[in-house]
Amino acid sequence: MEPIKPIKCCGDGTTCCSDSSVTKSKKITALQVGLGLLGLVAWYVVYNQLLPFSHFFSYHLLGLEKGGHPGETIQFFVYETPKVMMLLTLIVFIVGMIRSFFTQERTRKYLAGKRETAGNVMAALLGIVTPFCSCSAVPLFLGFVQAGVPLGVTFSFLIAAPMVNEIALVLLFGLLGWKIAAIYLTTGLAVAMVAGWVIGRLKLESWIEDWVTEIRSAEAVVIEKKLSWADRVNHGREAVRDIVGKVWVYVIAGIGVGAAIHGYVPETFMASIMGKDVWWSVPAAVLVGIPMYSNAAGIIPVVEALLGKGAALGTVLAFMMSVIALSLPEMVILRKVLKPKLIAVFIGVVGSGILFTGFLFNFII
Amino acid sequence: MEIKICGPGCANCEKTQKIVEAAVAAKGIEATISKITDFQEMAKLGIFSTPAVVIDDEVKCVGNVPRQAEVEEWLSS
Chain A
15 MEPIKPIKCC GDGTTCCSDS SVTKSKKITA LQVGLGLLGL VAWYVVYNQL LPFSHFFSYH
75 LLGLEKGGHP GETIQFFVYE TPKVMMLLTL IVFIVGMIRS FFTQERTRKY LAGKRETAGN
135 VMAALLGIVT PFCSCSAVPL FLGFVQAGVP LGVTFSFLIA APMVNEIALV LLFGLLGWKI
195 AAIYLTTGLA VAMVAGWVIG RLKLESWIED WVTEIRSAEA VVIEKKLSWA DRVNHGREAV
255 RDIVGKVWVY VIAGIGVGAA IHGYVPETFM ASIMGKDVWW SVPAAVLVGI PMYSNAAGII
315 PVVEALLGKG AALGTVLAFM MSVIALSLPE MVILRKVLKP KLIAVFIGVV GSGILFTGFL
375 FNFII
Chain B
227 MEIKICGPGC ANCEKTQKIV EAAVAAKGIE ATISKITDFQ EMAKLGIFST PAVVIDDEVK
287 CVGNVPRQAE VEEWLSS
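Here the protein sequences come in this chain order: A and B. Each number in the working numbering comes from the position in the first sequence (counting from 1) with 14 added on. Each number in the working numbering comes from the position in the second sequence (counting from 1) with 226 added on.
Simulated from the structure, these hints should not be mistaken for lab results. Heads up, a few of these hints could be off.
[What the hints assert, rightly or not] From chain B, some residues computed to sit far from chain A (all C-beta separations above 12 Å):
| hint | residue |
| --- | --- |
| 1 | Pro234 |
| 2 | Ala257 |
| 3 | Leu271 |
| 4 | Asn290 |
[What the hints assert, rightly or not] Straight-line Cα separation of at most 30 Å, DSS-like style, residue types lysine-lysine; simulated pairs:
| hint | chain 1 | residue 1 | chain 2 | residue 2 |
| --- | --- | --- | --- | --- |
| 5 | A | Lys260 | B | Lys270 |
| 6 | B | Lys270 | A | Lys353 |
| 7 | A | Lys290 | B | Lys270 |
| 8 | B | Lys270 | A | Lys350 |
| 9 | A | Lys350 | B | Lys244 |
| 10 | A | Lys239 | B | Lys270 |
Beta carbons are placed, not taken as given, at the ideal position from N, Cα and C, and that holds for glycine.
With the hints as extra help, turn the sequences into a complete structure.
Next up, the structure:
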């Protein structure tokens, strides 16, 4: 078997193989807890000053006219950039700490004994918090099969893990509001649960590559490390350094484009091609999304721009899910363990779920 | 000493390799470092998350990037 070609991965904002390797555990002192709380208060105070500051900066300091194009654009940028970066830092830190409780080994153990329906639900939920990246998809798949996790449950995890993550949710919340973030969270999880369940019902175990089933006898090596709270805080800090260090460029570029559009492009520009009256735009969005490979940080600012110019929510959701959940490079990697027929079924079932979500939201909103 | 680094070749695997190389250099040990990129071979060793480090057929770490101090500890034992 030829070695798989290295592809760009682990840059998609998820901590793939986070450092949990702190050998000497330290205790957290009361002073550190105090400093942490003080930091949180300071964060809150600064966060609340961002909007007034952006107004002061654009309309007083620069003396731009309120309601005018350049004024609106600059105010949007000066407000949104620090806002999203502050939210991102805080959430990534917290999620980084939470993730230190959920290793792939532990998730595998939880899911091994589960029956299908409950297993699908749990797998999708665990997909949010378990560290994962597309380059670890194959070993993870092998580990799940080896531990006896049902195929459909494994797929629920593989669909949810890249699609529903903290970065997507923070960006959606920061740029588009909590309602759209909640809709994305719920529908993303629903697609993962249902698609996994359907694949499980189809009984396609024989469409896994033969060598995979042969390794069922191999014993998984698990090296558990005891982590103290200080280690977990460290985890959070490393996650911030890793993730925020990688995605800030996308965020700023995205907000920059968004700011320009916000100020200059006419409101109904996208409505004619991605509006809710154009039924074919949903399947088109899904198809266009498959060969595109981007992470949440790259795609959400684009999504915001599309929505702002009159694209329908369902169409945009479908596009975003397709880009993140159905990526060609991941298919190439999964081809190592799945026969082409099963990959086709995977694309078909997940694609249908996304289509349904798109049509549903275009219909009800 | 024979050191194997398991991983498909993503950023974290490369990070792991650099750390191991640095640790070997720091310790001044004679060691051959090789890479395993084939998942089937990894599975035979019981490795189901990457990156992983195997020293003289013993799996030392799975699913995370080790620290250099840690690797040096493995090398001296």
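Do the hints match the structure? See the list:
1. Pro234: Violated, because the least Cβ-Cβ distance between B/Pro234 and chain A comes to about 5 Å, which does not exceed 12 Å.
2. Ala257: About 20 Å separates B/Ala257 from the closest Cβ of chain A, which puts it past 12 Å; holds.
3. Leu271: violated (7 Å)
4. Asn290: About 5 Å separates B/Asn290 from the closest Cβ of chain A, which leaves it inside 12 Å; violated.
5. A/Lys260 / B/Lys270: With Cα atoms ~34 Å apart, A/Lys260 and B/Lys270 exceed 30 Å; violated.
6. B/Lys270 / A/Lys353: holds (21 Å)
7. A/Lys290 / B/Lys270: violated (52 Å)
8. B/Lys270 / A/Lys350: This hinted pair holds, its Cα atoms lying about 15 Å apart.
9. A/Lys350 / B/Lys244: Holds, at about 27 Å.
10. A/Lys239 / B/Lys270: holds (23 Å)
Of the numbered hints given earlier, the model fails hints 1, 3, 4, 5 and 7; all others are met.
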